[in-house]
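2 protein chains.
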Amino acid sequence: MAEIVIHQNKLQPWVERIFIHYGFSEKHAKQAADVLVSADLRGIDSHGVARLSGYLRLIEKQRINPIPDMKILHETPSTASYDADAGIGLVSAPAAMEIAIEKAKNVGSGWVAIQNSNHFGIAAYHAMKALPHDMIGFAVTNASPLVTPALGAERMLGTNPICLAIPALHEPAFVLDMATSAASNGKLEIAERAEKNIPKGWLTQKDGSDSENPSELKNGGMLLTLGSDMDHGSYKGYGLSAVVDILSGVLSGANYGPWVPPFVSFLDPLDNLPGKGIGHFVGAWRIDGFRPAEEFKKHMDQWIQRFRAAKSIQSANPVQIPGDKERLSHAERAWQGIPLVEKVWDDLQNISAQTGIVLAQ
Amino acid sequence: MAEIVIHQNKLQPWVERIFIHYGFSEKHAKQAADVLVSADLRGIDSHGVARLSGYLRLIEKQRINPIPDMKILHETPSTASYDADAGIGLVSAPAAMEIAIEKAKNVGSGWVAIQNSNHFGIAAYHAMKALPHDMIGFAVTNASPLVTPALGAERMLGTNPICLAIPALHEPAFVLDMATSAASNGKLEIAERAEKNIPKGWLTQKDGSDSENPSELKNGGMLLTLGSDMDHGSYKGYGLSAVVDILSGVLSGANYGPWVPPFVSFLDPLDNLPGKGIGHFVGAWRIDGFRPAEEFKKHMDQWIQRFRAAKSIQSANPVQIPGDKERLSHAERAWQGIPLVEKVWDDLQNISAQTGIVLAQ
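Protein sequence lines, in the order shown, are assigned to chains D and P.
Quick note, the first sequence lines up with residues 699 to 1059 if you use this note's numbering.
Quick note, the second sequence lines up with residues 699 to 1059 if you use this note's numbering.
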């Protein structure tokens, strides 16, 4: 498969200009481009510039507001609900995270539930904003329904990711960013491009029976929750996904469950929605609200070093720390450039042609 | 298998008297008995009175302090660390949860990390304390190492449960209480008693290879994390378990990872421990810190009703809400009594003989 490699220094300013062309303020365009390209750098290709044309179509359809007037709806010293005014989550989630961090500075922790938002990119970007402040960051979001609850055969939940970012001292931070489905959409896309079967336990057909064909998702199939089947704890993955949906959707006043609006412009939201847009939930704990940050971070170093040294099944394949893979990708791609598959490159060139804003390698 | 049925009204006061016999204050004995018997009522037999003799041996060995002087070590308006003074978690976790609830009343949320503690029973008991206050409750704990991280072949983590309790209006509360391993210890015990094989993906042998024999855990085998294998997301279960370990152990100043002291009295803790005892982490968000509680709870009713109505694979086996099973068990056992397997009944009769405190059916 042909791949085009482009450096972030070329890609990111271009993405910024595209968002400005579509009506974003300079500040919002800069923020959105930063979140988007950080996904490509971290190797989460499904959440990077591959999403750009989808976002632009939602702006054209007036489902994403390019000039949102975001505001706090209600607050206490450690909590708030936040109205994203139909803006994109790439912009509203970092803004909400800043509020959470400010609250944590003041009273030890801060939590913000965001309603009336849209796709927020990778959760890790938002949770990791807490790290330089010696805080533990938390970010979850609901998402358009593709996942069936355990025992079910209906799309009721999104891939509803959970992210926690935890600082260490000399070791790099611990960053867990995981979909609560057994496999993410991105993995299905990779299998589909490679025309490969997928393992049982990722996907069902439309009727709820097992499927090993990644294309079945487009035929009405459903992703399975982490655990895959009841014997292996699919009810746990369902429970975690449900918690993400409730914190993001029900607590914020956004939509939830099967009512979460689709991310794609060719599908319309359902009627009689119970809330507004999609929802996120972000927060931060100040470490020295519990013990001195330096002390904690020293113990995190020890935690990380001990887990890296754990006996592994294959010596060539050691135990990893959550976030290792993405950090290595970031280091490599920041240096060598971001590889884009031809389909994504063509997509960006189409945007380039339509806007007259040239993207050169 | 012979089973003895005993009513909570007989069992709980007896447990209380036993704890008093072992030096607990009346207040602490009452609290500990309430947590323990609530596990039996909810059908979590592995965490109920089956544990009592183990606790007593740890008291005899002076590893559980029956008269702890528990206190806050450090706090901010929404956070605290708490010293359980080597007491039992059955007592320290509810006390810490009360502090968290008080903080949530004052500033919207409250979070308490507990060090120097011991086994806290079922997480649901602690998280559910938030429900009558119209709060969302959170409780996690680390535990003695039985679980290998993904790619590993070493006991590095406990079954590290996660619990969230979320109130509804007319519907019963949503209560997720799950081990982050693919299967809990309790499930292995049931299979072992029934002399049945277990599914692949729960357990490994000592060398890290697959096992379907539940007794292999006693031969040095390891539990696998939720996801079971890399293809099905075992690194996600590992990540979640790690987060529980870090919040409970590293943030509180307790032990973590392979250093968490064993729950059984015949195994000694390791030398050069990095912290004190085992750790828990509990908290609460006040719902009206985000939106009016009544409004939230109405939407929770809608969430719950919609998920119950989701299309299921088998119509006789509908989609459940986390906590349904335990709530039904509670209703049944509060009425009909708690069934105890013969081994547990004998265990209790031994305690009865040793203490002279008679337990009658």
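Each hint should be verified, as a subset may be incorrect.
A pair counts as met if it fits within one copy or between any two copies, since identical chains are not told apart.
Lysine-lysine pairs mimicking DSS-like chemistry, simulated, CA-CA at most 25 angstroms apart [claimed, not checked]:
{"id": "1", "residue 1": "Lys759", "residue 2": "Lys904"}
{"id": "2", "residue 1": "Lys1041", "residue 2": "Lys916"}
{"id": "3", "residue 1": "Lys894", "residue 2": "Lys803"}
{"id": "4", "residue 1": "Lys898", "residue 2": "Lys996"}
{"id": "5", "residue 1": "Lys708", "residue 2": "Lys894"}
{"id": "6", "residue 1": "Lys803", "residue 2": "Lys769"}
Please keep in mind that the hints were generated in silico from the structure rather than gathered at the bench.
Okay, the hints, checked on the actual structure:
Within a single copy, Lys759 and Lys904 get their C-alpha atoms no closer than 29 angstroms, and across copies no closer than 58 angstroms, so neither meets the 25 angstroms cut-off. Only within a single protomer do Lys1041 and Lys916 lie at most 25 angstroms apart by alpha-carbon distance; the minimum there is 18 angstroms, versus 53 angstroms between protomers. Proximity of Lys894 and Lys803 under a CA criterion of 25 angstroms is satisfied in neither setting, with 49 angstroms inside one chain copy and 54 angstroms between copies. In this assembly of identical chains, Lys898 and Lys996 lie within 25 angstroms of each other by CA distance neither inside one copy nor across copies; the values are 41 angstroms within and 38 angstroms between.
Taking the shortest Cα distances, Lys708 and Lys894 never come within 25 angstroms of each other, neither inside one copy (33 angstroms) nor across copies (61 angstroms). With identical chains, the CA atoms of Lys803 and Lys769 are at most 25 angstroms apart both within one copy (20 angstroms) and between copies (24 angstroms).
Going down the numbered hints, you'll see the structure goes against 1, 3, 4 and 5, while the others check out.
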